[in-house]
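Student: Construct all of the structure, not just a fragment, from the sequences and the given hints.
Residue strings, one per chain:
2 protein chains.
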Amino acid sequence: MPLADFRITSGKNFSLADFNPDAKPFSSGDKVADQARLTELSAQLDAQQDIFYAEHQRKLLIVLQGMDTSGKDGTVRGVFRSFDPLGIRVVSFKSPTAEELAHDYLWRIHAQVPRAGEIVVFNRSHYEDVLITRVHEWIDEAECERRYKQLRAFETMLLETGTTIVKCFLHISKDEQKARLEARLADPQKQWKFDPKDLEERQYWKNYETAYTAAIAATSTPEAPWYVVPANSKTHRNLMVAEILMAVFEKLKPAYPPGKPALAKLKVA
Amino acid sequence: MPLADFRITSGKNFSLADFNPDAKPFSSGDKVADQARLTELSAQLDAQQDIFYAEHQRKLLIVLQGMDTSGKDGTVRGVFRSFDPLGIRVVSFKSPTAEELAHDYLWRIHAQVPRAGEIVVFNRSHYEDVLITRVHEWIDEAECERRYKQLRAFETMLLETGTTIVKCFLHISKDEQKARLEARLADPQKQWKFDPKDLEERQYWKNYETAYTAAIAATSTPEAPWYVVPANSKTHRNLMVAEILMAVFEKLKPAYPPGKPALAKLKVA
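Read top to bottom, the protein sequences are chains A and B.
According to UniProt numbering, the first sequence holds residues 1 to 269 in order.
According to UniProt numbering, the second sequence holds residues 1 to 269 in order.
Certain hints may be false.
Identical copies carry no separate label here, and so any pair may be met within one copy or between two of them.
Derived lysine to aspartate or glutamate pairs resembling DMTMM-like cross-links, with alpha carbons at most 25 Å apart [stated by the list, open to error]:
(1) K190 - D84
(2) K190 - D50
(3) K190 - D175
(4) K178 - D73
(5) K178 - E143
(6) K234 - D175
(7) K260 - E176
(8) K149 - D175
(9) K265 - E209
(10) K59 - D84
Calculated from the structure, these hints are not laboratory results.
Tutor: Here is the structure:
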């Protein structure tokens, strides 16, 4: 199954309803083989990241979005743990603080974008400002449309100044969320992850689907595409995100800075 | 060999010259067995970190210092890569920017200390401000003594507000540095790591030893000890840092937040 089928480069005719969260397009059908493939990809990604860091020129921003329990934390752990901590940074955006709310909504985001050679993972992102805000009608449609434009302009600026942007929507079904919330509630060692707000937000499932569809449609471009990642299966989700990253690196082709023959002649006293 | 022999809790009679950078006190004598032990420790550390993150109460700060090429980056990669990126953050302090220099020297440091449940690794740290600055006599002895006091006061405040502080001096010999610099110079894929300043700083080896001895002596306390890590062997260095962390967690005993039996009765609609 080609990655292109899940890479949204234009909002034209996009609908989340056309995607099946149960699909496993990158699975071999055998879980053990899938895990072996992930291990193999992890080693390759690690090597690529090492060179990307050494190159110290370009920046890579990965955005993870999805409903509650869709596996944003799990993706960080399952995919990004293979990376050298020197070259990767995970930023988890929570409800904005009073200080953050006193600024424009992109202020806290801009402060966290990657520097040269760095990979940054946004665990939630600037997209919350057109999702939860729109679902609860804290902003109206006109403001939401303005924000889509602002988001496109912001990402265009990042792209033009050397940042590659990869946006992943981790796609789960409402039933799968139910099962995951129940698992959290039942296990005392998982209860700390449970937030009563998750049950409230779950009431707005349809509205979230609408808001995600609109946001993905409005902000998918060939340069900053969204990927719809079927995520009911955790193994498949990790595997597919790793495949997406590998495809990104294959396009970026990171390279070590050119060697300096003069250095090889230096003597260390 | 007990860890206590390498844990400096008081400056009394401390001299770096009493430590052998070639020593391998935590090695079994067999490299393969040492690597297997590191793998085992990594899995244990990962589990501990997971709970530390879930507990969301205390903070852990790890300071890595050492001469150029002593293996600070290598330790990050070799030891801290086993940690979930959600719960660990590596901060590499470089030469201060104009903005940083316009503030007191602890300003940029304080901004980066760990939050509840977080582990932060300082790759270089506030200690540079009593090391390179003292070696080049940018500060005089009186100012250096003032800074030792300021550092102790700063760390005391961090301790009293819930931060565990672990300071590791990665101890290599001058000959080992020579070999490592030569390896960097000879390999085009490692040349990007080479900074001509490293050769200049190498001239000050003795002065650095004096400055480290003085700084470690002045800032070692039972609550915020320094560890002298023999680091001529990379495998041993990683193994020993992992053992230090394991001992720290054994003392901290992180625990999941108490379960909430009421949650288990909640229904997910």
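Student: Compare the structure with the hints numbered earlier in the document and write down the numbers of the violated ones, lowest to highest.
Tutor: 5, 8, 9
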